[in-house]
Structure formats: C-alpha cells, structure tokens
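What follows is each chain in one-letter form.
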Amino acid sequence: MMLDVLYFAWLRERIGQPRERIETRAATLRDLVAELADRDEWHASAFADMGAVRCAIDQELADLDAPLDDAREVAFFPPMTGG
Amino acid sequence: MMLDVLYFAWLRERIGQPRERIETRAATLRDLVAELADRDEWHASAFADMGAVRCAIDQELADLDAPLDDAREVAFFPPMTGG
Amino acid sequence: MSARVQAGPFDLAAEMENFGRGAGAVVTFTGIVRDDTGRMLALELEYYPGMTERVLAEYGARAAARFGLADWKIIHRHGRLNLGEPIMMVATAARHRRAAFEAADYLMDWLKSRAPFWKREIGPDGAGAWVAAKDSDEDALKRW
Amino acid sequence: MSARVQAGPFDLAAEMENFGRGAGAVVTFTGIVRDDTGRMLALELEYYPGMTERVLAEYGARAAARFGLADWKIIHRHGRLNLGEPIMMVATAARHRRAAFEAADYLMDWLKSRAPFWKREIGPDGAGAWVAAKDSDEDALKRW
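Residue numbers (our numbering), protein chains in the order written: chain A, 31 to 113; chain B, 31 to 113; chain C, 657 to 800; chain D, 657 to 800.
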C-alpha cells in the first residue's frame, strides 16, 4: 500500500526531509520502522532509539504494535513539548 | 478614652449608623461589646450572637479577649465574603 | 505588585500590560456576578476603606514570598455590580506554571474568607439578604 | 469553546471578550518564552498541522465534560517566538472557581506532554538543541 510518512523535529532533521511517500507491505508500525531503518544510514540513525520516538497513525497516537490496516498517514516524532 | 466604633453590613443596619464616637473605659473588646449591647435594643440585637460577629482593632482582626490599650478605632462586622 | 479597591470596572487587557515581565507563566482569575437563586439582579459590596486595601496588599505580599512570584495584582470592586459584571481579579506571574497557579488559588481562598468585603443580593424588590460566609470557604484555608 | 494554532501573537483582551458569559469564574493561563540557560534568544516551535488542532480540541472537550465548564479556549502559537513573547494561552470558565482553576491546570498538564509541539532553543549562533520532554511533566499527568 501507499503511505505518507511524516517526520518532526530531530527525526525530520536526521532523515533530511519532512515527509516521504512510500510503498510498503508492513503489517504493524514496528514492521514499518524496521523497513524504514533499513533504507539508509539517515533513517537508521533516526530510528536507532525507539524509546525516544512517538508514533501516530492517521493523526492518532499509536504504539509500535498497532496494525497499519488501511492507514494513509504515519508520523514519527520525539515526545511532545507543548505548553 | 475616646474610640471610633465602626459597623458594617447587617451590624450597621441593626445599629442604624455606620460609625459612632464613644467614651469608654472598657479594657477588652469583650468589655466594649457588653457596654455597647447595654445602650439600646438596636445595639443589643446587633451583638446578640457574637459567634456571627468579627472584630478589628485599628484595622487588624482581633478576638474578643484582645485588650483595647490605646486603640483609636474598633470595627464590628459579619464574617467576610470577598472574592 | 499592587492591590486596589475601586467602584468602576477594570480592563483585564490594560491591567495585564507590562505585567510579570521576565516570568514564564501568568495566571489570572476573574470573579463575575452570578445568579445562583434565579431572583438576583445585582450584588452590592460593602468594604472597610483602609483595612481592606491593607489586607489585600498583605495577602499579595504573603503569596509573593511563599510562591516566589515575579509579580502579582489584586483588583476588587465595591458598590453595586450587575449580573455578569466582573467583581474582582487576581493575577500572578512566576517562573514556572505550578507556582503561578498555586499562588492564584491561594489568594482566592484567602480573599473569600479574609478580605473585608460584605455582599448583599439585590432582587427585583430591592435589597435582599446579606450573603452568608460559607463553611466550605473557611475549610479551604486549611489547604495552605 | 475553541482551539486554534497560529503563528502570530494573540490579544488576551480580545480573546476574553464575550468569553464565558453566565459563568462565575474565569481563569486564564499564559505561557511566555523564558530563558533558563542565559544563552537563548528565541524558541522555535514546530507542530503537526491537522493533528495538533484536533488534539487541542479533544483536550478542551474532555476538560469541559470533566469539570463542567461553561466555556474554554486554547490558543497555541508556532514558529519563531522571541524571549518575552506569549507562546500560548488557556482560558476556562465555570460556575465556581475551583472547577475553573482545576480545568486550566489539567489542560496545561496535558498540553505539556500530549500536544504535538516540539520546541527548539535558538541562541546567538542559530538553532540549538531541541527541548527534551521532562519526566516531571509526564509525572504530572498522574494527578488526573
């Protein structure tokens, strides 16, 4: 399936772009992360410590075991610092 | 000694005036209250339930046993309802 | 750092101009005349000129010391206030939000039971009952 | 009852016009860019268009239900904000002051750790470190 993947803050900086459109067969977020980390050293460095990464599927927070199902947009970012 | 006595809220209404200047030899607030309550029925009704009355000497909250010493102003009022 | 009592309305925006410079967090509380009985048109607030101002300033200073405030302001109105009109405001400024919140909360608890104001409800027939102090307001002071 | 994200400044007075009609208590919180390091000139805030607005509205609605709010408003800025500039504001209106205070406090605790914003410090040399999330902010959520 086609998926928009968005990156924020230092994940965006490490990967070098704010979003990319990819083709994937990953079943869960965890599968997707493994697939992305394999792409190149920039992706690998962004996903090196998943304890410091939060994820959203279609703009809803999700954990790594969440199934992608028919997701259209996935986002990766550091813990939020609002307020 | 000469003393200004101020009344607020329903104490002012019962007594019928916001302040009076009196001559007294009362040693404490309690003595002063007894003296004032003796004046007439209006004063008596204002001081009938001292649990519902708060007092200040020279604009500082004080309890009934507080000595008047060289006080210049005493005030009687219901519990405050600010805010 | 100021406290004042006035009959007229206040303008929150003007009051907040230059308030709390250098602080990271500003909290304001505004109390508004509200009808709990369904029969009230206005409130009438009486105060003790001299003592009231002094007590407000005293509690402001106490909150500043206790919560490390960068700034504080208390404005309280007196006289006749119609439904929906602001009665009073408290503003606190601190480095961190927890201190600003707690200081405003603390000030409100003290002002409710210790600021020399007395409220009377005005209904369609004119002046009504004096508002009684609430035990719950007195109890609230034990939090601090 | 509204939440919005914007780059430009907001005007507290204009925002509070007609806010919380019929309520007895209005609380506002304003967060201001503050320098804790002595080397910061500005903050840069990144957000997630779409998700951020939705999350703010969601927490506002949740606070309204939980504390029985008559009204609420959340405004959060993004982009570059200089020292001393307001970053965001929360306003809550309720019948009684306790609910208004608690709802504002609750919203701030949630926004700190759950609103999709990321802050970076800008120093004299340009962009510096991303601000790390604090454990104490995460812990604050357990209060609710």
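Mixed in with the good hints there might be a few duds.
Calculated cross-link-like contacts (lysine to aspartate or glutamate; reagent style EDC-like; alpha-carbon spacing at most 20 angstroms) [stated by the list, open to error]:
(1) C:798 / D:692
(2) C:790 / C:777
(3) C:729 / C:777
(4) C:798 / C:777
(5) D:729 / D:741
(6) C:790 / B:34
(7) D:798 / C:758
(8) D:790 / D:671
(9) D:790 / A:68
Keep in mind that the hints were calculated from the coordinates and are not lab data.
Status of each hint after checking the structure:
no. : hint          : verdict
1   : C:798 / D:692 : violated (34 angstroms)
2   : C:790 / C:777 : holds (15 angstroms)
3   : C:729 / C:777 : violated (27 angstroms)
4   : C:798 / C:777 : violated (28 angstroms)
5   : D:729 / D:741 : holds (19 angstroms)
6   : C:790 / B:34  : violated (30 angstroms)
7   : D:798 / C:758 : holds (18 angstroms)
8   : D:790 / D:671 : violated (30 angstroms)
9   : D:790 / A:68  : violated (30 angstroms)
Checked against the numbered hints given earlier, this structure breaks hints 1, 3, 4, 6, 8 and 9; the rest are met.
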